[in-house]
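**Student:** One letter stands for each residue in the lines below.
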Amino acid sequence: MEKLLVNIGQNLFVLFGLLAVGGAGVLIFSKSAVHSVIGFLFSMICVAGCFLSLQAEFLGVAQLLVYAGGIVVLFLFVVMLVELTKYQEKGIFQTQTKFAIPLVGAGLLIFGGVFRAALFGASAEDALTLQQGLVGATENLGNAQAVSRGLFANFILPFEILSVILLVALVGAIVLAKSERV
Amino acid sequence: MVSMNAVLLISFLLWSVGVAGVLIRRNALVILMCVELMLNAANLNFIAFARMSGTVHGQAFALLVMGFAAAEVAVGLALVVALYRKKGNIQVDEINLLKG
Numbered sequence: 186m187e188k189l190l191v192n193i194g195q196n197l198f199v200l201f202g203l204l205a206v207g208g209a210g211v212l213i214f215s216k217s218a219v220h221s222v223i224g225f226l227f228s229m230i231c232v233a234g235c236f237l238s239l240q241a242e243f244l245g246v247a248q249l250l251v252y253a254g255g256i257v258v259l260f261l262f263v264v265m266l267v268e269l270t271k272y273q274e275k276g277i278f279q280t281q282t283k284f285a286i287p288l289v290g291a292g293l294l295i296f297g298g299v300f301r302a303a304l305f306g307a308s309a310e311d312a313l314t315l316q317q318g319l320v321g322a323t324e325n326l327g328n329a330q331a332v333s334r335g336l337f338a339n340f341i342l343p344f345e346i347l348s349v350i351l352l353v354a355l356v357g358a359i360v361l362a363k364s365e366r367v
Numbered sequence: 585m586v587s588m589n590a591v592l593l594i595s596f597l598l599w600s601v602g603v604a605g606v607l608i609r610r611n612a613l614v615i616l617m618c619v620e621l622m623l624n625a626a627n628l629n630f631i632a633f634a635r636m637s638g639t640v641h642g643q644a645f646a647l648l649v650m651g652f653a654a655a656e657v658a659v660g661l662a663l664v665v666a667l668y669r670k671k672g673n674i675q676v677d678e679i680n681l682l683k684g
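Top line first, the protein sequences correspond to chains C and D. Numbered as in our numbering, the first sequence ends at 367 without a single skipped number. Numbered as in our numbering, the second sequence ends at 684 without a single skipped number.
These are calculated hints, taken from the structure and not from any lab test. Treat each hint with caution, since some may be false.
What the hints assert, rightly or not - DEER-style ranges, computed between Cβ atoms:
#: 1; chain 1: D; residue 1: Leu682; chain 2: C; residue 2: Val191; range: 56 to 62 Å
#: 2; chain 1: D; residue 1: Asn680; chain 2: C; residue 2: Gly292; range: 23 to 29 Å
#: 3; chain 1: D; residue 1: Phe652; chain 2: C; residue 2: Asn196; range: 28 to 34 Å
#: 4; chain 1: D; residue 1: Leu648; chain 2: C; residue 2: Lys363; range: 47 to 53 Å
#: 5; chain 1: C; residue 1: Ser348; chain 2: D; residue 2: Met636; range: 37 to 43 Å
#: 6; chain 1: C; residue 1: Leu352; chain 2: D; residue 2: Leu682; range: 39 to 45 Å
#: 7; chain 1: D; residue 1: Ser637; chain 2: C; residue 2: Ile286; range: 43 to 49 Å
#: 8; chain 1: C; residue 1: Glu187; chain 2: D; residue 2: Glu678; range: 53 to 59 Å
#: 9; chain 1: C; residue 1: Gly207; chain 2: D; residue 2: Leu682; range: 17 to 23 Å
#: 10; chain 1: D; residue 1: Gly672; chain 2: C; residue 2: Leu190; range: 29 to 35 Å
#: 11; chain 1: D; residue 1: Glu678; chain 2: C; residue 2: Phe337; range: 45 to 51 Å
#: 12; chain 1: D; residue 1: Leu682; chain 2: C; residue 2: Gly292; range: 38 to 44 Å
What the hints assert, rightly or not - Covered stretches of chain D, as calculated for chain C (at least 3 residues, CB under 8 Å):
#: 13; stretch: 603-616
#: 14; stretch: 629-641
Claimed, not checked - Taking lysine-lysine pairs in the DSSO-like style, the calculated list, with each CA pair at most 30 Å apart, reads:
#: 15; chain 1: C; residue 1: Lys216; chain 2: D; residue 2: Lys670
#: 16; chain 1: D; residue 1: Lys671; chain 2: C; residue 2: Lys363
#: 17; chain 1: C; residue 1: Lys188; chain 2: D; residue 2: Lys671
#: 18; chain 1: C; residue 1: Lys216; chain 2: D; residue 2: Lys671
Note that CB positions come from ideal geometry on N, CA and C, so glycine has one too.
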């Protein structure tokens, strides 16, 4: 028990990460679209937990707000809007599934080999260790303030481009989804 | 303190599940959700590398990626609704309007 508590950050991260992968599995393999959305919601909440255990508090809360609060509700709206029941008997997987699954498996093996050599090999012990704290973040400067300083000091142009893209997406979504007869 | 290998392994698994979902599912909504899953795996890596380098640049960029993902979901769901109006279903292997 003490051994678990000593390394609690790591254990919580792995727990949340594996739960997120499990939710993603539910998302892929469930027949009903509503069950897929619930799996997606679970996975997003667990990814928010991963962010929190990586000490990115602001991003964890933003993840909860944006994904669990906004995007999942949008997906549920669209699931309710489109009628899916009469197409369920045709099967949920593509016809190329029997080629795609060996392809993904082979990719997993290849990338996993590279991964194992790069991360668990002899020469990769001290290159990839996490720092204890952020550079800009001192005791009286919280995570949100540090992130906003980084955002507005270094990434002001991508921020402005993102605002334009959000505006274009708003207009485009309304134009695409509006019905013809209005 | 979380080790970097665990972060990379978890994000690799999440990304692989997303790719598998995009490749094998027929429902356009599930494909959109799998794309979101892949973007989240990338975000996880951004945050972990920000923690590794000790700067906040990765976290700021992860915030930007989150905004882009929201824009992508809005347009994608509008496309799904428009497709449902046009074809009556959202199965991606039945979208063959360009086939002569």
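**Student:** Does each hint fit the structure? Answer for all of them.
**Tutor:** Comparing the hints with the structure gives:
1. Leu682(D) to Val191(C): 56 to 62 Å: Since the Cβ atoms of Leu682(D) and Val191(C) sit about 60 Å apart, the hinted range of 56 to 62 Å holds.
2. Asn680(D) to Gly292(C): 23 to 29 Å: holds (28 Å)
3. Phe652(D) to Asn196(C): 28 to 34 Å: holds (32 Å)
4. Leu648(D) to Lys363(C): 47 to 53 Å: violated (29 Å)
5. Ser348(C) to Met636(D): 37 to 43 Å: violated (29 Å)
6. Leu352(C) to Leu682(D): 39 to 45 Å: violated (30 Å)
7. Ser637(D) to Ile286(C): 43 to 49 Å: violated (37 Å)
8. Glu187(C) to Glu678(D): 53 to 59 Å: holds (58 Å)
9. Gly207(C) to Leu682(D): 17 to 23 Å: 38 Å Cβ-Cβ, so the 17 to 23 Å window is violated.
10. Gly672(D) to Leu190(C): 29 to 35 Å: violated (56 Å)
11. Glu678(D) to Phe337(C): 45 to 51 Å: holds (46 Å)
12. Leu682(D) to Gly292(C): 38 to 44 Å: Because 29 Å falls outside the window, the suggested range is violated.
13. 603-616: holds (count 11)
14. 629-641: This one holds; 10 residues, not fewer than the three required, reach chain C with a Cβ under 8 Å.
15. Lys216(C) to Lys670(D): holds (24 Å)
16. Lys671(D) to Lys363(C): OK: Lys671(D) and Lys363(C) at ~16 Å, within 30 Å.
17. Lys188(C) to Lys671(D): violated (58 Å)
18. Lys216(C) to Lys671(D): holds (21 Å)
Checked against the numbered hints given earlier, this structure breaks hints 4, 5, 6, 7, 9, 10, 12, 17; the rest are met.
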